[in-house]
Every structure is written in structure tokens, then in C-alpha cells.
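**Student:** These protein sequences, in sequence, are chains A and B. First residue of the first sequence? That's 7 in our numbering, and the numbers climb one at a time after it. First residue of the second sequence? That's 7 in our numbering, and the numbers climb one at a time after it.
Since the hints were made in silico from the structure, they are not lab data. On a predicted model such as this, the values are computed, not experimentally measured, just so you know. Honestly, I wouldn't trust all of these hints.
A pair holds if it fits inside one copy or across any two, identical chains being indistinguishable in the list.
[Unchecked claim] Heads up, simulated DSS-like pairs for lysine-lysine below, C-alpha to C-alpha not over 25 Å straight-line: (1) Lys228 with Lys167; (2) Lys238 with Lys167; (3) Lys228 with Lys238; (4) Lys76 with Lys9; (5) Lys76 with Lys57; (6) Lys228 with Lys57; (7) Lys76 with Lys158; (8) Lys228 with Lys158; (9) Lys242 with Lys158; (10) Lys167 with Lys57; (11) Lys9 with Lys167; (12) Lys76 with Lys228; (13) Lys9 with Lys228; (14) Lys158 with Lys238; (15) Lys242 with Lys76; (16) Lys242 with Lys57.
There are 2 protein chains.
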Amino acid sequence: MEKSSTYNYNVEPFTEDICGNLAWGNLGNLILRCASLHAGEHGFGYPQMIKLHHAWVLSRLVIEMESLPKTGEDFGIETWVDRLYRQFTDRHFSITRPDGTPYGHATSIWALIDTETRQPADLEQLPNGGFANVLIPERPSPITPMGRIRMKNAELVLTHKAAYSDLDINGHVNSIRYIELLLDYFSAELLREHPVHRIEMAYCLESYCGDTLEVYHDIDSKNADRHLFEIKCGEKVIVKGSVQL
Amino acid sequence: MEKSSTYNYNVEPFTEDICGNLAWGNLGNLILRCASLHAGEHGFGYPQMIKLHHAWVLSRLVIEMESLPKTGEDFGIETWVDRLYRQFTDRHFSITRPDGTPYGHATSIWALIDTETRQPADLEQLPNGGFANVLIPERPSPITPMGRIRMKNAELVLTHKAAYSDLDINGHVNSIRYIELLLDYFSAELLREHPVHRIEMAYCLESYCGDTLEVYHDIDSKNADRHLFEIKCGEKVIVKGSVQL
């Protein structure tokens, strides 16, 4: 079996944003799906892990796109894992045209949490060697890792009460819904003129149905195109992120 | 070419709701996609119509499900059109298991609007006979049409400011987002205990980025399991709908 896998999709009607590009939210969910499918093929998928009282938890997600596929276009998402280090593993993605040239890339960091103790598992000590045999150490992240989110003049820009349609199978607000909340800061007109180039997300805590999520915004003092965000529930920081136009 | 078409899908990870069923929002968008794909195959898809300054507008959508496919399961959506009548056409759907037995069905009513004059086209007078040759008059709607929405004690239960992630390629709030807004009235716990059986939607007016949408709720006086809703923007009624548990 190949160590990396490629999953093929088509931008079907009603998966686009206002510009006719595959919507970022749909791209984000496809990236998570591919992570789950690839892990499943190698014996470490969500259904396999939950039987062992473990669940994958997304810690970081960075997506950087030169452009996005448009309605009717075929595209592929290739995913692979280059390394394990104690409680974390790095998983990368390339989003490609049918001729293999990339639209863009993504990188992510995951932990495997014991669902009873909430403690992370040591990924280097998994039974049967874990998935050490699928690592591709010679293919590191194709994009730079997440930068710092230093907010100096954070301003509350949006409040959202987490509800049923925000939840995933774990009963938590879906990781990609937070990306949509950040994008909802911008007007449709602005995003039409200035497409999103890069999104960075650091997932700190889970949030649940009924939680009131407050989105705070600031501009990166070193890069006026980089918008910084924090999503808080009361005093707790749920997510830190950035959107670069 | 067959007059009906079936599109095959799989419930991939991160398309489920908290119960592990295909999420209603994802099912709804797949239904719209299949409508668009089928229309496109017969020369009446969105890209073909927009060149002629026309666009399909969804007027009614009813979805009734005995159960929903779960993670990893394959399912098909068959769609066909049974009739045209002046400015409207009825399109139906069956959501089926691989063995052909139905999970449930849907029915919808569409108009074709001139994007410049906003007037509906007469679907019986389309060039080249329109799509009269794909009608299947002997296959009417498999489910009962939409009932009345009579709200006596409407109560404001949710306010949502329409934003970028709610919009479709036309720049309007996506029809299925309204379904999610209605479902967000319910707690995750309630929907886990009492699965949604039937959703009815009547689309009255479009809404746009920045609109403040107010969701009003009441209980059907003749059926305590049938929740009635209206989504308003100021005094304008955008959507009327119901959710039956």
C-alpha cells in the first residue's frame, strides 16, 4: 500500500462560495475527511480508535491556496504523515489539479487523546509500532508553519451561540465552523476583491452546544493583510487564528 | 438518456451530525446538487440558464426521512421531474440504500426567473419544447406536499446576521442554511432523543450578506410534534417552514 493517499473530488453545484470557488468551509471539511480516510486505511481511523477509548484531536491547521478549484472542476487531495514526536503527529496535504499541479497545500498537527482520562497518548509507543511504517520523513510540510498570534488591540467583532448545526459527531463545534466564523468577519464584497490566501488555526479548547462564542479581531502589526483572531467562551480561549488576504 | 438520474454518494467522515447520521444540512445541499446536475444533463443547468439571463429559484422543499444513512454508508439520490405548469415545475427525489430501498424522499417546486426583469419564465413555452421530453408524469411526488404554516403565538427564538459563509454563488443566503437555522432552535440532546422526521420549507424572498434574520417559532395547534417557523428580515418574511420530530 502506498504511504500517501489521494482522494478525488469535483466541485459540485452548491459547494461554491459567492465567487464560484470551492468554499473554504467545504475545502476544510474535505481536508479533515481525507485525514480520517487515510488514518482509517492504515488502522488508525476514528471508528478504530474510539473502540480503544482514543480519539484524534486537531491541534493546528494551516491552509495556503494560490487559487481554488471552480464549479465543475475536478481536484485531488493527497495526504501523508511525515513524523511522530511524542504526543503529536504532523499530517500534510496537497490540493492538486488533474495534471498534478497544486492549487495549494495544508499542514496539520494532531494528538491522540484518551477519551476517559483526557490525557494524550505517546504516539511513539502505540501497539504494533503504531503507524511508524507509513511515515514519509523525506516529505516535510510544503508550507511554512503557523506564525504567532499577538493581539494588541483585540476588538469584539462577532458573537455566535453554538448550536446543533455547528456540531460534529463528537458533540463538539466542528473545527471548520471556527474557520467560517473568522471568514464571517469580512464582507462578501471585500472577499470578492481580495481572495483569502492563507488561514492559520490553533485549536486550544473544545466548545459545546449552547456556548456563546465571542470572536475578537486585530490586524498583525507587521502585515496589514494578516487579520488575527481569537474565539473565546467567557474567559477561555477556544481558538486562535489568522486570515491572510 | 434515462429521464431520471441517480447520483451516488458515501457518508464520509465530517459530514455527520452528532448522532452519526448524515447531517440534514449536508443532505439538503446534496439534494440541491442533484437537482442542478440533472438539469445540467438535460441542457437546463445553472451555467446554461445564466447565459440566457435566467436562474432557477427554489420555491418549496419538503424532505421526509424514515432514517438517515450513517458514516461510511453508501446511498443514492434519484431525481426526476413529473410536471410543468405555467411558471413552475415539480422535481422529486428518492434517497435510497444500495439495495434500492428508500431512506426517504423529497419534493421541490422551482421557478425560472429572468435575472434582469425578475419575472418568471413560462416553462411551457421554453425554446425547443424545453424539457417536456424528460417529464415522468406517471411518477408524482412520493410524499405529501407542504402543509399550512399558521402561527398563532410566534415567539422570537434566534437572531442571525447573514454572513459570507451563509452565501451561495448567487450572493444569496443558501436555501439549506435556513433549514440549519430552524434546526438550531432545538438542543442537541432533544434531537438525539427525537430525530427529525420531516422538514417543510417555503422560500418567499432572498436575503443577503449583512441582513439580520429573526427566527420565530410556534407549535402546530393540531400536532405537538410539528414545529412551525418563520424567518423574517425586518417586516419581510424570507422563509416559512416546519420541522416535524
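**Student:** The structure should be examined with respect to each hint, and the outcome stated for every one.
**Tutor:** Comparing the hints with the structure gives:
no.	hint	in the structure
1	Lys228 with Lys167	neither (32 Å within a copy, 31 Å between copies)
2	Lys238 with Lys167	both (12 Å within a copy, 19 Å between copies)
3	Lys228 with Lys238	within (24 Å within a copy, 42 Å between copies)
4	Lys76 with Lys9	neither (29 Å within a copy, 28 Å between copies)
5	Lys76 with Lys57	between (39 Å within a copy, 17 Å between copies)
6	Lys228 with Lys57	neither (47 Å within a copy, 44 Å between copies)
7	Lys76 with Lys158	neither (37 Å within a copy, 45 Å between copies)
8	Lys228 with Lys158	within (12 Å within a copy, 56 Å between copies)
9	Lys242 with Lys158	within (18 Å within a copy, 41 Å between copies)
10	Lys167 with Lys57	neither (32 Å within a copy, 40 Å between copies)
11	Lys9 with Lys167	neither (41 Å within a copy, 44 Å between copies)
12	Lys76 with Lys228	neither (32 Å within a copy, 47 Å between copies)
13	Lys9 with Lys228	neither (39 Å within a copy, 59 Å between copies)
14	Lys158 with Lys238	within (16 Å within a copy, 38 Å between copies)
15	Lys242 with Lys76	neither (38 Å within a copy, 33 Å between copies)
16	Lys242 with Lys57	neither (30 Å within a copy, 50 Å between copies)
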